[in-house]
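Could you build all of it, start to finish, from the sequences and the hints given here?
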Amino acid sequence: MALRQSQIKQPAKAILEAEPSGIRWSEVLHRLRASSPETPRNSIRGATFALFRDDPEIVKVSRGFYQLQRFLEGEAAEAETAAELESAVVEVSTGEQTSLRLREQDFYEAFAEWLRDELGEVTEAVALGGALFRTKWGTPDVIGVLKPQAADLIKFEPKIVSAEIKIDPAQPIIAFGQAVAYRLFSHKSYIVVPSTLADP
Numbered sequence: 001m002a003l004r005q006s007q008i009k010q011p012a013k014a015i016l017e018a019e020p021s022g023i024r025w026s027e028v029l030h031r032l033r034a035s036s037p038e039t040p041r042n043s044i045r046g047a048t049f050a051l052f053r054d055d056p057e058i059v060k061v062s063r064g065f066y067q068l069q070r071f072l073e074g075e076a077a078e079a080e081t082a083a084e085l086e087s088a089v090v091e092v093s094t095g096e097q098t099s100l101r102l103r104e105q106d107f108y109e110a111f112a113e114w115l116r117d118e119l120g121e122v123t124e125a126v127a128l129g130g131a132l133f134r135t136k137w138g139t140p141d142v143i144g145v146l147k148p149q150a151a152d153l154i155k156f157e158p159k160i161v162s163a164e165i166k167i168d169p170a171q172p173i174i175a176f177g178q179a180v181a182y183r184l185f186s187h188k189s190y191i192v193v194p195s196t197l198a199d200p
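End of the sequence shown sits at 200 in the working numbering; the numbers just go up one at a time, nothing left out.
Bear in mind the hints are in silico, worked out from the structure with no lab data behind them. There could be a bad hint or two in this list.
FRET-style restraints, in silico, Cβ to Cβ [claimed, not checked]:
| hint | residue 1 | residue 2 | range |
| --- | --- | --- | --- |
| 1 | Ser35 | Gly177 | 46 to 52 angstroms |
| 2 | Arg53 | Pro148 | 35 to 41 angstroms |
| 3 | Val61 | Ala110 | 31 to 37 angstroms |
| 4 | Ala151 | Thr196 | 37 to 43 angstroms |
With a cut-off of at most 27 angstroms between alpha-carbon atoms, the simulated DSSO-like pairs for lysine-lysine come out as follows [said to hold, decoys possible]:
| hint | residue 1 | residue 2 |
| --- | --- | --- |
| 5 | Lys155 | Lys9 |
| 6 | Lys9 | Lys60 |
| 7 | Lys147 | Lys188 |
| 8 | Lys155 | Lys188 |
| 9 | Lys155 | Lys60 |
| 10 | Lys13 | Lys60 |
| 11 | Lys159 | Lys147 |
| 12 | Lys159 | Lys13 |
| 13 | Lys159 | Lys188 |
| 14 | Lys147 | Lys60 |
| 15 | Lys159 | Lys60 |
All C-beta atoms, glycine included, are put in the ideal place defined by N, C-alpha and C.
This is how it looks when you write it as structure tokens:
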């Protein structure tokens, strides 16, 4: 039996309750559709949109990412703990030699999916790389487009998003130059570099 809008809001809030660190709107929609496949997709989208917009207990942490207000209070302490744990893991793993060889191309598809599904910056994304457009300065590793959806109240012109991925920590300047070149045809350009890169 299809759920009414008022019936959709309660399970949507229950999903947020079960995710103290927050959750993407797209994931909430996916879970609601899975639990009630007979409910129209637009009904679920409209009800959750209204809930996330109007409920003061729900906070929009970033674009497309929501969290209950009460879970935000303890996040600073949790972040510090997570940082300490991460540095401990790094210290343990630095003494070990690994023979794993990674290529830049290994990250194209994963970043395209992250840009589309997790970040919500684009509605479609593909991995390009190489010199498909004759020169590496004109060929982003990942390119995506953000198009208005049928459910969007305000229609907008499509936006192009590109990304340059470098796994060599010695190439941030080249990555920056390429990302700047992509701005000739992109509205936004990302640089993806290893976390081992020094801050300066």
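Status of the hints after comparison with the structure:
| no. | hint | in the structure |
| --- | --- | --- |
| 1 | Ser35 x Gly177: 46 to 52 angstroms | 48 angstroms, holds |
| 2 | Arg53 x Pro148: 35 to 41 angstroms | 18 angstroms, violated |
| 3 | Val61 x Ala110: 31 to 37 angstroms | 23 angstroms, violated |
| 4 | Ala151 x Thr196: 37 to 43 angstroms | 41 angstroms, holds |
| 5 | Lys155 x Lys9 | 26 angstroms, holds |
| 6 | Lys9 x Lys60 | 16 angstroms, holds |
| 7 | Lys147 x Lys188 | 14 angstroms, holds |
| 8 | Lys155 x Lys188 | 19 angstroms, holds |
| 9 | Lys155 x Lys60 | 22 angstroms, holds |
| 10 | Lys13 x Lys60 | 14 angstroms, holds |
| 11 | Lys159 x Lys147 | 7 angstroms, holds |
| 12 | Lys159 x Lys13 | 31 angstroms, violated |
| 13 | Lys159 x Lys188 | 8 angstroms, holds |
| 14 | Lys147 x Lys60 | 21 angstroms, holds |
| 15 | Lys159 x Lys60 | 22 angstroms, holds |
Violation of the numbered hints given earlier is confined to hints 2, 3 and 12; the remaining hints are satisfied by the structure.
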